[in-house]
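So for the sequence shown, the numbering used here puts the first residue at 3; every next one is plus one.
Heads up, some of the hints might be wrong.
Below, a list of computed lysine to aspartate or glutamate pairs in the EDC-like style, where the Cα atoms sit at most 20 Å apart [unchecked claim]:
1) 246 - 397
2) 203 - 406
3) 32 - 181
4) 277 - 181
5) 203 - 234
6) 136 - 310
7) 293 - 323
8) 95 - 18
9) 248 - 184
10) 332 - 310
Calculated from the structure, these hints are not laboratory results.
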Amino acid sequence: MKVIVHKFGGTCVESEESQLLSAERIMEAKDHGLHPIVAVSAAGRMGQPYSTAELVGMVTRIDPHIRPRELDLLMSCGEIISTVAMAHLLSAKGYDTIALTGGQAGLITDVYHGHAQIIRIDPQTVLQALQQRKIVFVAGFQGISENHDITTLGEGGSDYTAVALAVVLSQTGHLPFGDELEMAPVHIFKEVDGVMSANPKNFVDCAENESPHVLTRLSYDECVEMSGLGAEVIQNKAARMARKHKVPLMVRNFRRAEVQGTKMGEEPAPTPSGKATSVADMANLALFTIKSDNARLSGQLAEHLNMERLTHFVMGQEDGEVRFAVKREKYRDVIDLVGRVLFLRGMKADIMPGGYGLVSLVGERLRGEQAGLQDLASGTLKEAGIEVLGTICGDLSISYLVGEDSRAQSVKLLHSRFCSKE
Numbered sequence: 003m004k005v006i007v008h009k010f011g012g013t014c015v016e017s018e019e020s021q022l023l024s025a026e027r028i029m030e031a032k033d034h035g036l037h038p039i040v041a042v043s044a045a046g047r048m049g050q051p052y053s054t055a056e057l058v059g060m061v062t063r064i065d066p067h068i069r070p071r072e073l074d075l076l077m078s079c080g081e082i083i084s085t086v087a088m089a090h091l092l093s094a095k096g097y098d099t100i101a102l103t104g105g106q107a108g109l110i111t112d113v114y115h116g117h118a119q120i121i122r123i124d125p126q127t128v129l130q131a132l133q134q135r136k137i138v139f140v141a142g143f144q145g146i147s148e149n150h151d152i153t154t155l156g157e158g159g160s161d162y163t164a165v166a167l168a169v170v171l172s173q174t175g176h177l178p179f180g181d182e183l184e185m186a187p188v189h190i191f192k193e194v195d196g197v198m199s200a201n202p203k204n205f206v207d208c209a210e211n212e213s214p215h216v217l218t219r220l221s222y223d224e225c226v227e228m229s230g231l232g233a234e235v236i237q238n239k240a241a242r243m244a245r246k247h248k249v250p251l252m253v254r255n256f257r258r259a260e261v262q263g264t265k266m267g268e269e270p271a272p273t274p275s276g277k278a279t280s281v282a283d284m285a286n287l288a289l290f291t292i293k294s295d296n297a298r299l300s301g302q303l304a305e306h307l308n309m310e311r312l313t314h315f316v317m318g319q320e321d322g323e324v325r326f327a328v329k330r331e332k333y334r335d336v337i338d339l340v341g342r343v344l345f346l347r348g349m350k351a352d353i354m355p356g357g358y359g360l361v362s363l364v365g366e367r368l369r370g371e372q373a374g375l376q377d378l379a380s381g382t383l384k385e386a387g388i389e390v391l392g393t394i395c396g397d398l399s400i401s402y403l404v405g406e407d408s409r410a411q412s413v414k415l416l417h418s419r420f421c422s423k424e
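Required output: the full structure, derived from the provided sequences and hints.
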């Protein structure tokens with residue numbers, strides 16, 4: 003039996019038209035002899051019935067402070083509703099289907115509400131459904147802890163659901179009564195033709211030859227680096243899991259079956275030497291500054307912030323100061339959380355609660371070339387009058403902290419200078 007895991011994002015299920023198009027992709031897989039497992043996201047965004055934002059707004063209007071356990075319970079509902087709707091749609095078309103919550107599908111997590119990590123998967127229910135030749139629909143973004151609390155997997159968590167299911171089925175290798183399992187690449191369906199070389203939202207008024215292009219392929223390392231720096235690829239935890247277990251991925255447009263999309267695997271993007279594969283960007287960062295002569299403080303800070311599962315960027319230590327930026331979140335008060343982390347460790351910080359963005363050059367061709375490119379890239383920004391407030395070098399990236407009002411311009415400048423079409 004050849005199994006394919008599909009993941010459909012929120013825009014793929016937000017309307018009747020979208021659901022019908024998504025159903026077509028599932029039926030096409032069946033017609034090609036594949037057995038689909040479908041991870042489904044919550045429908046749409048604020049203003050649309052049963053979107054996660056609407057559900058959360060319903061209770062935060064009563065009181066904005068809701069306990070993380072109850073918030074997870076509430077936020078899991080949007081995916082469950084979408085999953086039932088899609089399973090029912092395919093059932094109405096004559097297919098045998100089953101809808102499962104993340105917990106029913108066997109995704110067991112730790113108890114860090116809002117940012118849970120999958121610790122193990124019991125695939126028996128999914129395997130039994132496959133044995134019965136059912137199309138399996140799984141509510142994305144959620145799991146269940148060992149004490150039976152519903153947990154959520156962080157923003158973009160349905161990607162994590164899809165990759166985790168592919169991993170466990172690949173490792174299992176066979177159905178309960180002996181049929182061998184073969185896994186096709188995981189298909190991540192979105193409303194774009196694939197992973198772009200930069201976020202198109204930053205290029206609204208640009209000519210076509212200045213706009214970002216679709217990347218035909220990415221290496222696992224590029225995928226992990228880009229997703230960690232804000233690119234809309236797949237969730238970073240999902241990218242890391244795919245890399246660890248060598249799970250091939252495809253990002254495709256659910257509206258356009260004829261478009262190949264972006265393939266993620268061992269082979270990197272076909273980028274010329276000295277060029278970047280993409281420019282990633284992240285908005286809405288808060289900036290913290292700590293005065294300290296402790297040479298180990300940068301590493302200690304990173305450790306503490308990792309424990310709280312915060313997206314953060316430590317700029318390093320200079321002139322008796324350590325600066326670090328933290329991404330603001332929808333459903334956690336990050337400023338308060340970081341403040342408590344510092345207070346419990348006897349640290350004080352100057353806080354700028356917003357107004358910063360991170361812009362990053364990313365690509366396999368940058369590996370080992372950061373020293374030469376760093377000054378060239380920062381010079382490109384400075385020539386345009388953009389102040390660079392901090393620099394971070396990763397294995398495959400160079401990142402610049404800039405003012406939020408300069409972020410989009412910085413993306414366009416770096417993309418024009420360092421990203422070539424394939």
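For each hint, the structure was consulted:
1. 246 - 397: holds (17 Å)
2. 203 - 406: Measuring from Cα to Cα gives roughly 14 Å; hence the hint holds.
3. 32 - 181: This hinted pair holds, its Cα atoms lying about 18 Å apart.
4. 277 - 181: Violated: residue 277 and residue 181 sit about 47 Å apart, past 20 Å.
5. 203 - 234: Cα-Cα ~11 Å, so holds.
6. 136 - 310: violated (39 Å)
7. 293 - 323: This hinted pair holds, its Cα atoms lying about 4 Å apart.
8. 95 - 18: Judged against 20 Å, a Cα distance of about 14 Å means the pair holds.
9. 248 - 184: Holds, at roughly 14 Å.
10. 332 - 310: holds (15 Å)
The earlier numbered hints that this structure contradicts are 4 and 6.
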